[in-house]
Amino acid sequence: MIPSRIEELLVTNRRGFLRTAGLLAVSFGTSTAAPQGPGPYPNPDFHQIDSWIVIHPDNTATFYVGKTDPGQGTGTGFRQLMSDELDIAFDKTTCIMGSTDITVDQVGSGGSTAMERDSWPMRRVAAEARRVLLEMGSARLGLPVDQLAVSNAVITVKADSSKRVTYGELIGGKKFNVTLDGANINAVAARAKTKLVPELHYTGQSLHRDDIPAKVDGSLKWAVDVKLPGMVHARNVKPPFACAKLTGIDEASVKSLPGFIKVVSKGNYVAVVCEREEQAIRAARQLKTTWEKPPVAPFPSSENLFDYMRTAPGAAPQAAKAPMPDGATIVEAEYEIPFQGHTAFAGAHATADPSNGQMTVYSNDMKSYGMRRGVATFLGMPQDRVRVVYMQGPQGFGRTAAEDAGCEAAYIAHEIGRPVRMQWMRDEETAWDTKSPAFLVKMRGALDAQGHLIAYDYHARSCDLNHVGYNEPDTVLIAQLMGSRRERPAAGSSATPSDSYVIPNRKMTGEVVGLPIVWETPLRTGNLRDPNGPQSTFAAESFIDEAAAAAKADPLEFRLKLLQAGKDDDAGFRRARSIAVLKAAAEKYGWDPRPSPKPRGTGDILTGRGVAYSFRGQTIAAQIAEVEVNRKTGHVWAKRIVCAHDCGLVVNPESLHHTVECGTLHGLSRALHEEVRFDTEKVLSRDWSSHPTLRHADVPESIEIVLVNGDPNPNRPDLPPYGAGEASLKPMMAVIANAIYDATGVRIRRVPFRADRVLAALKAAGV
Amino acid sequence: MSKIALKVNGRSHTVDVDPATPLLYVLRNDLGLQGPKFGCGLGQCGACTVLIGGAAVRSCVTPTSAVKSEITTLEGLASNGKLHPLQQAWIDEQVPQCGFCQNGQILTAKAMLDKNPHPTDAQIRETMNGTLCRCMSYYRVQTAVKRAAKTLAEIAPASKEVVA
Numbered sequence: 007m008i009p010s011r012i013e014e015l016l017v018t019n020r021r022g023f024l025r026t027a028g029l030l031a032v033s034f035g036t037s038t039a040a041p042q043g044p045g046p047y048p049n050p051d052f053h054q055i056d057s058w059i060v061i062h063p064d065n066t067a068t069f070y071v072g073k074t075d076p077g078q079g080t081g082t083g084f085r086q087l088m089s090d091e092l093d094i095a096f097d098k099t100t101c102i103m104g105s106t107d108i109t110v111d112q113v114g115s116g117g118s119t120a121m122e123r124d125s126w127p128m129r130r131v132a133a134e135a136r137r138v139l140l141e142m143g144s145a146r147l148g149l150p151v152d153q154l155a156v157s158n159a160v161i162t163v164k165a166d167s168s169k170r171v172t173y174g175e176l177i178g179g180k181k182f183n184v185t186l187d188g189a190n191i192n193a194v195a196a197r198a199k200t201k202l203v204p205e206l207h208y209t210g211q212s213l214h215r216d217d218i219p220a221k222v223d224g225s226l227k228w229a230v231d232v233k234l235p236g237m238v239h240a241r242n243v244k245p246p247f248a249c250a251k252l253t254g255i256d257e258a259s260v261k262s263l264p265g266f267i268k269v270v271s272k273g274n275y276v277a278v279v280c281e282r283e284e285q286a287i288r289a290a291r292q293l294k295t296t297w298e299k300p301p302v303a304p305f306p307s308s309e310n311l312f313d314y315m316r317t318a319p320g321a322a323p324q325a326a327k328a329p330m331p332d333g334a335t336i337v338e339a340e341y342e343i344p345f346q347g348h349t350a351f352a353g354a355h356a357t358a359d360p361s362n363g364q365m366t367v368y369s370n371d372m373k374s375y376g377m378r379r380g381v382a383t384f385l386g387m388p389q390d391r392v393r394v395v396y397m398q399g400p401q402g403f404g405r406t407a408a409e410d411a412g413c414e415a416a417y418i419a420h421e422i423g424r425p426v427r428m429q430w431m432r433d434e435e436t437a438w439d440t441k442s443p444a445f446l447v448k449m450r451g452a453l454d455a456q457g458h459l460i461a462y463d464y465h466a467r468s469c470d471l472n473h474v475g476y477n478e479p480d481t482v483l484i485a486q487l488m489g490s491r492r493e494r495p496a497a498g499s500s501a502t503p504s505d506s507y508v509i510p511n512r513k514m515t516g517e518v519v520g521l522p523i524v525w526e527t528p529l530r531t532g533n534l535r536d537p538n539g540p541q542s543t544f545a546a547e548s549f550i551d552e553a554a555a556a557a558k559a560d561p562l563e564f565r566l567k568l569l570q571a572g573k574d575d576d577a578g579f580r581r582a583r584s585i586a587v588l589k590a591a592a593e594k595y596g597w598d599p600r601p602s603p604k605p606r607g608t609g610d611i612l613t614g615r616g617v618a619y620s621f622r623g624q625t626i627a628a629q630i631a632e633v634e635v636n637r638k639t640g641h642v643w644a645k646r647i648v649c650a651h652d653c654g655l656v657v658n659p660e661s662l663h664h665t666v667e668c669g670t671l672h673g674l675s676r677a678l679h680e681e682v683r684f685d686t687e688k689v690l691s692r693d694w695s696s697h698p699t700l701r702h703a704d705v706p707e708s709i710e711i712v713l714v715n716g717d718p719n720p721n722r723p724d725l726p727p728y729g730a731g732e733a734s735l736k737p738m739m740a741v742i743a744n745a746i747y748d749a750t751g752v753r754i755r756r757v758p759f760r761a762d763r764v765l766a767a768l769k770a771a772g773v
Numbered sequence: 002m003s004k005i006a007l008k009v010n011g012r013s014h015t016v017d018v019d020p021a022t023p024l025l026y027v028l029r030n031d032l033g034l035q036g037p038k039f040g041c042g043l044g045q046c047g048a049c050t051v052l053i054g055g056a057a058v059r060s061c062v063t064p065t066s067a068v069k070s071e072i073t074t075l076e077g078l079a080s081n082g083k084l085h086p087l088q089q090a091w092i093d094e095q096v097p098q099c100g101f102c103q104n105g106q107i108l109t110a111k112a113m114l115d116k117n118p119h120p121t122d123a124q125i126r127e128t129m130n131g132t133l134c135r136c137m138s139y140y141r142v143q144t145a146v147k148r149a150a151k152t153l154a155e156i157a158p159a160s161k162e163v164v165a
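Protein sequences, first through last, are from chains A and B. Here this note's numbering runs 6 ahead of the position in the first sequence, where the first position is 1. Here this note's numbering runs 1 ahead of the position in the second sequence, where the first position is 1.
There could be a bad hint or two in this list.
Simulated pairs of lysine-lysine, DSS-like, Cα-Cα distance not exceeding 25 Å [claimed, not checked]:
1. A/Lys98 with B/Lys83
2. A/Lys294 with B/Lys8
3. B/Lys151 with A/Lys227
4. B/Lys8 with A/Lys227
5. A/Lys645 with B/Lys147
6. A/Lys233 with B/Lys147
These are computed hints drawn from the structure, not numbers from a lab.
With the sequences and hints as input, model every part of the structure.
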């Protein structure tokens with residue numbers, strides 16, 4: 007029942023891979039992968055080189071890493087770094103990722119940690135493998151290591167290059183059996199040192215991503231494509247409103263449908279199983295169920311959300327904390343960011359195989375290790391009887407960290423004893439996926455007579471209770487519906503801004519508030535690409551613009567002054583790097599200093615520009631947009647966007663460029679379109695019209711990316727890579743709000759800037 | 002259930018399904034194709050796009066019994082082992098992030114270029130506007146469409162010469 011070899015499933019028909027690497031045969035059977043079949047599936051030991059690197063007799067290598075690549079090219083990046091450390095040709099390597107029984111537990115992906123944190127153990131292991139191979143070469147060639155050279159996996163005698171031995175000849179098909187040090191996976195260490203930047207060859211090159219050819223010729227086998235003998239199809243029947251109690255199922259309403267197998271239900275969870283996919287879809291729609299409403303409304307409507315949050319029970323008073331000096335000009339504003347959906351491009355999906363007393367889940371879960379723990383606990387199975395095979399899927403920006411379908415497919419497969427493919431429909435996914443929390447941010451500041459910002463108060467209130475984790479057996483939706491409860495829901499967080507401005511009397515606080523009912527609701531929150539960062543940055547970077555306008559200062563120069571005001575040690579060059587990135591963006595844009603707003607135009611189209619910047623971890627993004635605002639319709643178009651970006655060492659410029667570009671547009675989508683709408687008992691955003699996203703026609707005429715990288719010393723030999731998956735998303739809402747203000751003189755403090763909202767604001771201001 | 006004959010990527014098939022079954026499930030589950038994807042089931046996103054008689058059609062809302070012409074899927078674009086210029090442009094421009102929508106992007110672009118080999122930027126935006134991408138690879142999709150149009154224009158006169 008289980009495909010005979012895991013690599014077969016992962017690489018089948020990947021023509022680009024076959025063509026370039028010729029590795030198909032060798033990646034089968036010779037690896038450290040646990041034997042396929044009945045299991046069990048113990049964790050690969052991260053202390054063994056063999057768990058990370060396999061050298062084949064034909065002098066090629068396979069890297070095994072515990073990461074997942076949801077589409078930003080990290081897998082190719084890992085190959086570049088590890089090829090450099092191992093000293094092997096890039097095109098003689100391949101990389102297997104994130105399948106729990108054959109790759110070490112590096113969590114999966116998330117938080118832009120791929121290069122910044124998780125590439126380091128990979129590099130240290132590859133460097134150690136090179137060291138061990140050199141010692142083996144030394145023994146084979148009868149000369150000390152310092153008389154040997156290594157290149158492209160061939161060890162040669164420096165004095166006589168005809169004397170040589172390849173890695174494949176030394177160890178191909180055999181195990182290293184070398185134990186590494188380190189208390190945990192991130193601390194894995196050994197004797198060999200990693201290379202300095204000037205010694206890296208593939209790192210820094212724009213090598214083509216290895217996953218792309220199979221994605222454009224149709225040959226890639228995605229998680230949605232898994233088919234197993236005897237497999238059946240399941241679809242959920244979701245409660246019609248939040249916190250609904252199931253009072254009846256009329257199985258007769260579907261029993262005579264073709265292909266019907268079973269209704270599976272426990273607590274408030276209901277699913278239908280049929281032989282064919284379209285049969286399951288039809289049966290789930292047709293099944294008659296009855297439900298009872300909860301005693302109180304689960305939440306306020308989206309129209310009343312911010313009023314609710316302002317007076318939410320248990321919230322601390324939003325009093326100013328920073329002293330505002332007498333005689334100063336006070337700037338005050340409140341910003342509102344609604345719930346926004348992950349809205350992955352396809353619904354949650356997984357296929358579970360219960361054969362041989364095991365449970366294998368084929369999934370695009372970005373945190374496959376979390377899913378494995380969650381499924382094992384949920385089903386009461388020992389962990390080594392469960393494995394998750396990671397496969398590609400639609401990007402969910404954090405949605406697949408708590409990918410509900412895995413537990414559902416496994417539960418049903420466990421119940422009926424057959425492989426089950428589960429997929430959520432569009433309305434389910436948009437309405438019931440995890441949400442990015444709504445934020446209400448109150449800000450206050452004081453300017454002295456010279457226009458210096460001398461006091462600053464930030465208070466964020468986020469609606470972020472019942473923040474779900476990584477397929478935890480007590481927060482995943484099926485568990486909630488079956489009545490599992492944590493003692494207390496997990497509070498998310500209310501972030502503070504991540505700039506490096508130097509402002510005296512700066513106070514920043516935050517708190518989390520909950521909705522009246524937190525369990526079994528479609529307004530459960532989860533990490534969406536830099537969770538909370540875009541919200542806090544929208545408020546903070548809009549506010550800095552408001553302060554600059556009150557001081558009649560150029561918004562860019564106002565920011566630079568706040569960064570240059572620091573007198574203390576600039577730890578980590580955070581201010582120096584911020585200045586460099588802002589200046590790089592300004593230079594590319596051709597910024598001419600003047601206060602905002604600009605004198606208002608007279609035509610229907612008003613143009614303006616806006617700037618904002620932020621850190622995400624150690625990475626900085628500064629963005630400038632030129633927008634057109636249609637005075638008659640309220641429609642906003644970002645005509646031109648410049649993004650300057652510093653994430654330290656660049657592993658693959660082309661791939662980084664693309665990720666930064668797409669992150670920027672994701673920010674634009676959230677600024678212009680995205681908002682979850684709901685009444686007091688259910689989510690009304692259920693598809694692409696009711697939760698719209700950016701489209702082709704919204705795309706700027708030009709997007710210019712400047713990779714600043716590493717300032718103030720881009721050439722330092724120990725420059726580390728920082729994360730790049732999220733930073734460019736973060737400032738975008740503020741950039742667009744600031745540009746709309748520059749164009750129209752009207753400040754929009756509520757996301758998203760949909761045409762109707764902008765038009766109403768323009769009308770109210772007499773524009 | 003009833004027997005329905007389909008011609009897909011040059012090969013003939015007969016499937017035995019409920020005639021109302023959306024074509025998408027037949028292509029994916031009966032014929033084993035992986036190009037067309039389920040995205041919304043509502044005809045809103047374009048992930049399930051196939052070419053039917055050269056037109057870009059949303060297979061998730063097309064009853065199998067309604068198909069009267071030959072179907073081409075993403076797998077059928079390459080010929081003689083050579084990628085279609087659109088697919089090659091997608092690799093050259095490194096278009097995909099996750100890549101899940103790219104079936105719809107490529108086939109919508111194919112239908113457009115077959116009808117209009119030299120689209121303006123505005124025409125590309127308009128024609129592609131209903132084909133969504135959640136990774137926001139739009140800018141590169143548009144660049145790749147223009148690259149492919151150029152390649153196709155270069156190929157076309159050459160093949161005419163051969164004919165002449």
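Here is what the structure says about each hint:
1. Between A/Lys98 and B/Lys83, the direct Cα distance comes to roughly 23 Å. Compliance with the 25 Å bound is thereby established for this hinted pair.
2. Distance check on the hinted pair: A/Lys294 and B/Lys8 sit about 38 Å apart at the alpha-carbon level, beyond 25 Å; violated.
3. Taking the CA atoms of B/Lys151 and A/Lys227, the gap is near 31 Å; set against the 25 Å cutoff, the hint is violated.
4. With a CA separation close to 23 Å, the supplied pair B/Lys8 and A/Lys227 stays within the 25 Å bound.
5. Between A/Lys645 and B/Lys147 the alpha-carbon distance is near 19 Å, which keeps this suggested pair within the 25 Å criterion.
6. A distance of roughly 37 Å separates the Cα atoms of A/Lys233 and B/Lys147; the hinted pair therefore is violated under the 25 Å criterion.
Going through the hint list in order, the structure does not satisfy hints 2, 3 and 6.
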